[in-house]
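Turn these sequences into a full structure, and let the hints steer you where they fit.
In short: position in the sequence shown from 1, add 2, done, that's this note's numbering.
Check each hint, because a few of them may be wrong.
As the list claims (entries may be wrong) - Have a look at the derived ranges for each label pair, beta carbon to beta carbon:
| no. | residue 1 | residue 2 | range |
| --- | --- | --- | --- |
| 1 | Ala-37 | Glu-66 | 20 to 28 Å |
| 2 | Gly-165 | Lys-42 | 48 to 56 Å |
| 3 | Thr-176 | Lys-56 | 20 to 28 Å |
| 4 | Pro-21 | Lys-129 | 43 to 51 Å |
| 5 | Gly-34 | Gly-69 | 25 to 33 Å |
| 6 | Gly-127 | Gln-155 | 16 to 24 Å |
| 7 | His-157 | Arg-183 | 16 to 24 Å |
Stated by the list, open to error - Cross-link-like lysine-lysine pairs, in silico, DSS-like; alpha carbons within 25 Å at most:
| no. | residue 1 | residue 2 |
| --- | --- | --- |
| 8 | Lys-179 | Lys-138 |
| 9 | Lys-170 | Lys-129 |
| 10 | Lys-67 | Lys-56 |
Quick caveat, the hints were computed from the structure, so don't treat them as lab data.
In this text the structure is predicted, and so the values were computed from the model without any measurement.
Quick reminder that beta carbons are idealized off the backbone N, C-alpha and C, glycines included.
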Amino acid sequence: MTRLSDSQLVVLTAACERPDRSVYPITARLKGIAAGNVLKSLLAKGLISEVRAKRDDTIWRHDEKQGRLTLQATPAAFAALGIDESDEPAAVEAETPQTESRAKRARTAKAARVNNDKPARIREGTKQAMLIDLLKRPTGATITEIVEATSWQPHTVRGAIAGALKKKLGLAVTSEKLEGRGRVYRI
3 MTRLSDSQLV
13 VLTAACERPD
23 RSVYPITARL
33 KGIAAGNVLK
43 SLLAKGLISE
53 VRAKRDDTIW
63 RHDEKQGRLT
73 LQATPAAFAA
83 LGIDESDEPA
93 AVEAETPQTE
103 SRAKRARTAK
113 AARVNNDKPA
123 RIREGTKQAM
133 LIDLLKRPTG
143 ATITEIVEAT
153 SWQPHTVRGA
163 IAGALKKKLG
173 LAVTSEKLEG
183 RGRVYRI
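Shown next, in the form of structure tokens:
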């Protein structure tokens with residue numbers, strides 16, 4: 003199996019998702035000569051090849067005999083990425099216009115499987131468990147109270163509520179502003 007750098011993976015994945023298998027536009031954030039070096043190494047490995055450029059294509063180089071040349075992913079690129087080349091990106095996009103890319107849908111599906119396979123577990127004796135206990139009280143808890151109990155910074159408390167509790171654990175955290183006490187959070 004061919005070993006690829008992160009930049010090479012980004013360039014190849016983007017090319018394999020396009021209907022025309024074109025390398026351009028390069029989606030990786032490469033500065034200066036780095037983009038050229040990545041493309042040269044992919045050419046040397048046979049994962050991309052030079053093809054005649056169409057009128058609106060970005061040009062890789064100009065050859066006196068062949069004219070304007072651009073770059074395109076080869077079947078070896080699909081094999082290196084473990085992608086089935088028979089997938090028709092044009093057909094997929096035609097069936098579902100203005101939808102997510104195949105790679106993004108695959109990541110979303112994988113994340114959903116991971117989340118459904120393992121229900122989130124709260125370990126006893128952790129600061130997260132302490133935070134949940136504070137929020138489950140009938141009186142709830144303010145950011146200041148949680149900071150004092152956990153020794154966290156206020157921004158860490160807000161992040162834990164929004165990220166770990168709401169998104170990761172799926173808990174319904176509510177907040178209301180009480181006179182004399184400030185904003186109170188509850189589960």
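Hint by hint, here is what the structure shows:
1. Checked against the given bound of 20 to 28 Å, the beta carbons of Ala-37 and Glu-66, roughly 24 Å apart, stay inside it.
2. Checked against the hint of 48 to 56 Å, the C-beta distance between Gly-165 and Lys-42 comes to roughly 41 Å, which is inconsistent with it.
3. Our hint of 20 to 28 Å for Thr-176 and Lys-56 is violated, since their Cβ atoms are close to 57 Å apart.
4. Pro-21 and Lys-129 have their C-beta atoms about 50 Å apart, which keeps the hinted 43 to 51 Å range intact.
5. For Gly-34 and Gly-69, the Cβ-Cβ distance of about 27 Å falls inside the hinted range of 25 to 33 Å, so the restraint holds.
6. Between Gly-127 and Gln-155 the beta carbon distance is about 21 Å. The supplied range of 16 to 24 Å therefore holds.
7. Taken as a hint, the range 16 to 24 Å holds for the pair His-157 and Arg-183, whose Cβ atoms sit roughly 20 Å apart.
8. A threshold of 25 Å between alpha carbons decides the hint, and for Lys-179 with Lys-138 the separation of about 17 Å falls inside it, so the pair holds.
9. For the hint linking Lys-170 to Lys-129, the alpha-carbon distance of about 16 Å falls within 25 Å, and the restraint holds.
10. For the hint pairing Lys-67 with Lys-56, the CA-to-CA distance comes to about 16 Å; that is within 25 Å, so the pair holds.
The structure shown violates the earlier hints numbered 2 and 3.
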